[in-house]
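Number of protein chains: 2
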Amino acid sequence: MRALITGGHGFVGRHLAHHLVRCGDDVAVTYLPTREPGADPEHLALPNPVQSLALDVTDTEAVNKVLSLLKPDALYHLAAVAFVPDGESDPRRVFDINTFGTENLLAGVLKHSPETRVLYVSSSEVYGHPRLGTLPLTEAAELRPTSVYGVTKACADLTVFKYCHRDGVHSVRIRPFSHIGPGQSDRFAISSFAKQVAAVKLGKQEPVIKVGNLDVKRDYSDVSDIVRGYREALLNGKAGEVYNLCSGQSVLLSDILQKLISLADVEVEVVQDPTRVRTVDCADIYGSYDKASKDFGWKPRVEQEAMLDSLLAYWLDFLSAS
Amino acid sequence: MRALITGGHGFVGRHLAHHLVRCGDDVAVTYLPTREPGADPEHLALPNPVQSLALDVTDTEAVNKVLSLLKPDALYHLAAVAFVPDGESDPRRVFDINTFGTENLLAGVLKHSPETRVLYVSSSEVYGHPRLGTLPLTEAAELRPTSVYGVTKACADLTVFKYCHRDGVHSVRIRPFSHIGPGQSDRFAISSFAKQVAAVKLGKQEPVIKVGNLDVKRDYSDVSDIVRGYREALLNGKAGEVYNLCSGQSVLLSDILQKLISLADVEVEVVQDPTRVRTVDCADIYGSYDKASKDFGWKPRVEQEAMLDSLLAYWLDFLSAS
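Note that the protein sequences, when read in sequence, are chains A and B. Numbers in the working numbering are just positions in the first sequence, counted from 1, shifted up by 41. Numbers in the working numbering are just positions in the second sequence, counted from 1, shifted up by 41.
Misleading hints may appear alongside valid ones.
[Said to hold, decoys possible] One side only, chain B facing chain A, incomplete, derived with CB under 10 Å:
1) Asp100
2) Thr101
3) Asn105
4) Ser109
5) His170
6) Leu173
7) Ala181
8) Thr187
9) Val189
Derived from the structure by calculation, the hints contain no laboratory data. All C-beta atoms in this analysis are idealised placements derived from N, C-alpha and C, irrespective of residue type, glycine included.
So that you can see chain A by itself, here it is in the shape it has in the complex (with noise of 0.2 Å):
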């Protein structure tokens, strides 16, 4: 199966093209061109064989140019702003990203490539915050993002819907609630707490961890079972369908960083760091894969301990050789 995943060359991009290599897919990848070469050292090398395009997704001209040279059996969609709070200081940037690129990408594959199956990354954020008693997530939960990030994602992942229902693009849209694993940026706090023990453990760093909200919630997948899920619904998920991907549960974020401590065996101070602290944050998320279990048979297969303990290692590694 020839497959194209668009941001590539991003944490959760090259977990996917990994896995769809060892599936047996033959893998393309995009990548922003203005991207600097090595701008994320911490990011998993790529597979090979696999074949990167600069690609930026706002450029319709462009687009239509990939799909109708590559035509693809399968697009994966992850190109996209993904940090929160980088939508914030620059709505239109964002929406023009993760909305239009969308909106490009659909219009693409209607155009050139009618048979391509598309995947759409959305995203847990459109949820934002729930109302009382809706806990876990269903995908019928009510659409109520409290970000410029989560609305940019439903637009897009309506507009997807729009595509497969009106004009009858195959496609399965995904709402994926928090992954890490090795090669995630350290802006986000879990890899950030990995990074900072594991730099303890080396006696690289003081032993003081920096931190922001710890008194949050959150429903964490390994990204491996992630991007398994990924295929996984691209090949058996109901067309137009959408479905969640995540644990089922929520763990909170001071019981993840006391693992992550305990794993290291190392004695830390934990600080809080006001630039961490987040204004808008719901206590508790968590959603539910029954749908996703039911339709294709995904459940996550990595459990808390595993998936900490790889994050740690892949840290300890990193900053062993750097």
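Fit chain B to the given chain A structure using the hints.
Frame of chain A, contents of chain B only:
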């Protein structure tokens, strides 16, 4: 109360302006600067006194200027590309006006007039093609838009939620179902039927009525009920909430046509015109207004026959004078 209506020169905007003036509000309306005067001769005249301001809602600077100068107590945001088929040819433009126009206004309110209460006029088109068994549609129904128009309205709807929930802008969203009344463009089905029936009645047209799909059921309200609901929702709706305004039942378009023919007491032949047939049509849609009723006591007052009577009377007057 000082009220500002965007899109105040449109069909619904003019009805709303009349209603607000009757309620004693001090009313200003904005209109698209490029709109040609007299472009819509069928529209109602604006009430007196009312201040008219040229404003392109996609122009961030102009939006900020108007809001910082006027600081209205109430902002009714109606400006939009409102005719569904218009969206399909140029999605980007419709996004700019319907979605970014809304983003601009809410950002402007937050910055320059944070005390303003905002009423955003979304659309029942955000529900698109409902799943089986979900009628009547409540506000909790899944968003399944099947048109560019529906997608752009849903995006704006969620943008307004974000500004309320996160940024504290007092706003209420309305998802009105179809509404009709004097001054509506004859590009809309029922207005076109009424105009043609009136023309036949006046001997200005052969007794042939051209129609599109007649076998669809829709939920129609009188525009006077809808604009009354806008003011009631702005004053008494719960901030952050979204409300359907509708009749609560659907009627077959062919029945509406027959009633108009019978009200006018004319003999006509009904002919399907392929250019009027829309490609995607949901067979039946109707909403529930229970939430509006519960939260601010709204219910429709104008019965179907009265609604059709006034529409027909309007076209008879209009065509007699022209």
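Hints versus structure:
no. : hint   : result
1   : Asp100 : violated, 13 Å
2   : Thr101 : holds, 9 Å
3   : Asn105 : violated, 14 Å
4   : Ser109 : violated, 19 Å
5   : His170 : holds, 6 Å
6   : Leu173 : violated, 13 Å
7   : Ala181 : holds, 6 Å
8   : Thr187 : holds, 5 Å
9   : Val189 : holds, 7 Å
Of the hints listed earlier, those the structure fails to meet are numbers 1, 3, 4 and 6, in rising order.
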